[in-house]
Amino acid sequence: MPSSNQNSQINESRRKWVGGAGAAAAVLTLAPGVRLLELAAARSEEEPVSGKVRWGMLVDTTKCAQGCTECVDACNDEHGLIGMGRPLTDAQYIRKLDLKDKLTGKTYSLPVMCQHCETPPCVDVCPTGASFRRADGIVLVDKHICIGCRYCMMACPYKARSFVHEDLTNQVPETPRGKGTVESCNFCVHRVDRDRDPACVEACAQAGHKALVFGDLNDASSAVSQQMAELPSRQIREDLGLNTGVRYHGV
Amino acid sequence: MRLSVILLPLLIMSAVAAAELPKPSPPRGDGAQCVEPTDVMRRDHMRFLMHQRDETMHRGIRTKKHSLVECLNCHTQKDEQGRFVSINAPGQFCQECHAYSGVKMDCFECHATTPRQPTPGSARSRDHLLGDVFTPLQFMR
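Chain order of the listed sequences is F and C. So the first sequence is numbered by this note's numbering: it starts at 1 and just counts up by one. So the second sequence is numbered by this note's numbering: it starts at 1001 and just counts up by one.
The reader is advised that the hints may include incorrect statements.
As the list claims (entries may be wrong) - Label-pair restraints from in silico Cβ distances:
1. T62(F) to M1041(C): 52 to 62 angstroms
2. L231(F) to R1047(C): 43 to 53 angstroms
3. E1070(C) to N170(F): 14 to 24 angstroms
4. N170(F) to E1080(C): 11 to 21 angstroms
5. E166(F) to D1054(C): 23 to 33 angstroms
6. R194(F) to G1091(C): 25 to 35 angstroms
Because the hints were derived from the structure by calculation, they are not lab data. Note that the Cβ used here is the ideal one computed from N, Cα and C, for glycine as well.
Bound-form chain C, shown alone (with noise of 0.2 angstroms):
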């Protein structure tokens, strides 16, 4: 009796929590299914993407099924430009749960967040990399 006094008020409150906090609805990728089933996936892919990376990195392996960029090209939305929007904006696929659980992603601060697409402002002339570094004698010696 004593024990539902205190857990009927901590269970209203917990109800109230979450109906505040509505659950994440990432949108959903290409495909049918994902590589994994959903619940795995959901539970493992930073394990998968952790493993896939030394694989990439150090042995040169490039199977599609556990590669980051794969996840770019399945699960990107487009905007109505048709240009591809991160995938770590708010909202979007990855951000979407992340939010939610308040865990910090570090991929994104060094990998592409779009699949390749033309970006305005990309350099083609760099006409000013082209100073000499090596004198001649140094590079003769």
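The following block holds chain F by itself, in its conformation from the complex (with noise of 0.2 angstroms):
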């Protein structure tokens, strides 16, 4: 008798094989010439953001080197995140990880933020709606909603999440923070609504690792799709089902 982890996973195999039948149908059965589904052009600054992007990364950790922190740097300086000399409780939105496997010896480093999931635990556990992903995939907190309640940060399989606990001063302007909200790695979206690169990728390019690669995963052409399609990549806990936007190469 299967168990229900694998029940659950069959039913989601099925389900994607049935959504993506229909949608072969559906491209059939359009007039040629036209198309359902259009390659997303660049937003201008009045268009919402729509479905037809889904924003993500790839991290190569072949390429991430131990010790480098210039990804976590480059992210306190974005957001203007100051440590209160209290590491348990400072707000980070990325952070580097050194693992080894016991077995082999192998040790690897990566860095690990919010992973923009398809089907993100915290915005299910949300009790405000403050918790949220947006049409092209970015979850955010809308800190005008959140009550500082931080059901998300235990739902999070990442530890993604920071509470901010003092009273803060000097905020940046592109990422407002205040006592008493939840934040996390928003992928800068400020950056990303004006066609950059999030920092954590620019630091990464200009200190010559190129470990991150940003990109629309629903644009085969973008650079984050085609390394994807040529290296093997994992999802942390792919065990959760989550469908992560952010995936990791090489561990």
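Using the supplied hints, reconstruct the complex from the two chains, each of which is provided in its own coordinate frame.
See the structure below:
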């Protein structure tokens, strides 16, 4: 008898197959030359985000250098994250992990941040709707609505979220932050909306590692899609079936 | 007649009160004209900001017209050292009228009060955050 876990996996793949077959049928029934799914063109300033785009990132851990914290530093600078000298509760949007396979002794270094799930547990549990997934796949906290209950922090399997415990001053204009609200990596949404890469991606490239590739997962010609088509990649805790936007190669 | 007996002292009192409390005079912003006529901005700026807030947060629309960041870019003043002064400091653009009308602003509990400028003490090194949270076993499961 299959375990319930296996069952859900079977159902999931079946659902995907059924959905895919439906989409194929829809494309076929359209007149020739008319495409149901248009490729996303660069969005104008007045145009809202749409589900045509799904932002995602590939982390190539074979290029990620041990001891390098360029991405973390760039993130802290970009969002004005200042430590309060309390490592357990200080805000972090991205952190570096060093892993070691005990059997072989091989070490891995990789950044972990909000994985921007397609079905984010943080959004499921949020009682106010503050934690939400934008149409283009970026998972955000609307701090105007957040009441600071921290259910999302409990629900997140990646420990990606932080809570602001102190009164803050000198925030940066692009990243409003305040006491009593939860926050996490937002893929530098203010940059993405202006066709720029997130700060960590830029910093990693500037440091010469190029371990982070960001782009539209729905666009087969984007750098991230092409890399993902080429390199085998995994999700952290792929057993949870969250379909994360951040994938890892080489772990 | 009786009415004027009641009204006259009231009028005089209010005139005295008005004389004691000068009208707010917020510093002028850059440029000749704000994004809407001045009287519209005085009455409705909070509605514009509230609307823009949801447009930006949820729909990713970052037009500049009613953006709070753009308010800062035009309306913050600089001190003698050339550093921006917080827009909610006493006498500054937002606070000048809000103090006069006795309305508290919540915006700046989270939002920046100046355009971006280097802050002394912004830590580049945060080595203490690099502790492990996952064990490899959890990670690879």
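TODO: Using the beta carbons of R194(F) and G1091(C), state whether their distance is inside 25 to 35 angstroms or not.
DONE: With Cβ atoms ~34 angstroms apart, the hint holds.
TODO: Hint says 23 to 33 angstroms; check whether the CB-CB distance for E166(F) and D1054(C) agrees.
DONE: holds, 27 angstroms
TODO: Return holds or violated for the Cβ distance of E1070(C) and N170(F) against the range 14 to 24 angstroms.
DONE: holds, 19 angstroms
Task: Verdict for T62(F), M1041(C) (Cβ pair) under range 52 to 62 angstroms - done: holds, 55 angstroms
TODO: State, for the Cβ atoms of N170(F) and E1080(C), whether the hinted interval 11 to 21 angstroms holds or is violated.
DONE: holds, 20 angstroms
Task: Consistency of beta-carbon spacing, R1047(C) to L231(F), with hint 43 to 53 angstroms - done: holds, 50 angstroms
Every hint, counting from the list given before, is met by this structure.
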